[in-house]
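Undergrad: Listed below are the residues making up each chain.
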Amino acid sequence: MKTDQLIEMLAKHDVPVNKTRIALQVSLAVALGFIGSFVLLLVVFDMNPDLGMLFNNMWFWVRFLFIVSVGAISAAVLARLGRPAEASRVSVWLIVVPFALLALVAASMLVMAPREERADMLLGISWDVCARNISLLALPLFVSAIWIAKQFAPVRLRVTGAIAGLFAGAGAALIYSLHCPEIEPAFLVVWYSLGMMIPAVVGAVLAGKLLKW
Amino acid sequence: MLQEREQKLRDLMRRGLAGDGAAYALFLRDLAALLRSFLRKRLSSMPDEVEDLVQEVLIAIHNQRHTYDVAQPVTAWAHAIAKYKLIDFFRRNSRRGEQVELDDAEDFLATSDHDAQDAKRDVSTLLAELPPKQRAAIESVKIEGLSIAEASKRTGQSESLVKVNIHRGLKTLAARMRESL
Chain A
1 MKTDQLIEML AKHDVPVNKT RIALQVSLAV ALGFIGSFVL LLVVFDMNPD
51 LGMLFNNMWF WVRFLFIVSV GAISAAVLAR LGRPAEASRV SVWLIVVPFA
101 LLALVAASML VMAPREERAD MLLGISWDVC ARNISLLALP LFVSAIWIAK
151 QFAPVRLRVT GAIAGLFAGA GAALIYSLHC PEIEPAFLVV WYSLGMMIPA
201 VVGAVLAGKL LKW
Chain B
1001 MLQEREQKLR DLMRRGLAGD GAAYALFLRD LAALLRSFLR KRLSSMPDEV
1051 EDLVQEVLIA IHNQRHTYDV AQPVTAWAHA IAKYKLIDFF RRNSRRGEQV
1101 ELDDAEDFLA TSDHDAQDAK RDVSTLLAEL PPKQRAAIES VKIEGLSIAE
1151 ASKRTGQSES LVKVNIHRGL KTLAARMRES L
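So the sequence lines, in the order shown, correspond to chains A and B.
Residues in the first sequence are numbered consecutively from 1, following the numbering used here.
Residues in the second sequence are numbered consecutively from 1001, following the numbering used here.
Hints were generated in silico from the structure; no laboratory data involved.
C-beta atoms are modelled at their ideal positions from N, C-alpha and C, and glycine is treated no differently.
Watch out, some of these pointers could steer you wrong.
[Stated by the list, open to error] Per label pair, the in silico range of CB-to-CB distance: (1) B:1091 - A:54: 45 to 51 Å; (2) B:1093 - A:16: 31 to 37 Å; (3) A:21 - B:1001: 36 to 42 Å.
[To be verified] Now the stretches of chain A that chain B is said to cover, found in silico as 3 or more residues with beta-carbon under 8 Å: (4) 9-16; (5) 83-97.
Input sequences plus hints: build the corresponding full structure.
TA: Okay, structure coming up:
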């Protein structure tokens, strides 16, 4: 087929794009990812029976804010990475901000705490399973995020894979926080961050295979 | 001058996305000439592959047209896709070391080449090998020029399914083009 014939074919009928349909597909994929992750939580971990009591604790809301800001920033960055004209101008490093802020809070609290309490603040009661559990819950969201990224045109595959993974990690952390009683900033900044970064690294490593188009 | 070219292209693209097929064809034709010149310069050791890659980028651009934001320069957008496809081509042909000159969108706009050679890979063969439903939708609408409603009657697919199958079919086509070069 000659290039001119190909052009004629591409231009014939049905050129306008249905933006509503795309928005709908993306929302549906995000919803399915969260539902999958939540079902996994119910099956594997169950909800925290004392969740309601945490609502009065300021640190519960700090944890919430931390996770949501990581998720929101990665979603915003991801949306731009999917658009070739903007991808090269996206400042990916914005994502560091919530981690840095929480690290600052955690560090000052550790410094002020009595020496013998510091280990507990860092390790809580679940340091050994936290990152693994978050990564597990990230699986359905990871599939959604990669699928969504593929519906667009990522030209920086590795970075896009990493941010998609981070978005899945943040979503999973949000779901996991319905089970996990840890709200100490020192704990969160180490183990929650690790849990979110595992899918991000997986995303970066697999990006070349999963996202190519 | 470059500004004018960009303006003209953007205008054609905007009209195309609004449903003006003739404007969209003109847009793709101008773009093909820019791509040909861009790729010919960078594939000087593989001149036979140029037209195939032009076609591959054109389909990629068409399939990803929803990622173009009409408020942005269309040249920068198309140039970013062309660059991605070129780097991807080098990678596929295990020429990782190849330096892609990372010029900016202005250079991309500066020279065009309307002298199309024959492509080595025949897109019509790849089209014929698509899954039957996708092929039927593309053949009736995109080749024979039936309207979506007529194609729906002919193929027995609902109108929205015809559109979905065109979209999927062109995506499958793009993936197979990528594999075959």
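Undergrad: Are the hints correct? Go through all of them and say.
TA: Here's how the hints hold up against the structure:
{"no.": "1", "hint": "B:1091 - A:54: 45 to 51 Å", "verdict": "holds (49 Å)"}
{"no.": "2", "hint": "B:1093 - A:16: 31 to 37 Å", "verdict": "holds (36 Å)"}
{"no.": "3", "hint": "A:21 - B:1001: 36 to 42 Å", "verdict": "holds (39 Å)"}
{"no.": "4", "hint": "9-16", "verdict": "holds (count 8)"}
{"no.": "5", "hint": "83-97", "verdict": "holds (count 6)"}
When each numbered hint is compared with the structure, no violation occurs for any of them.
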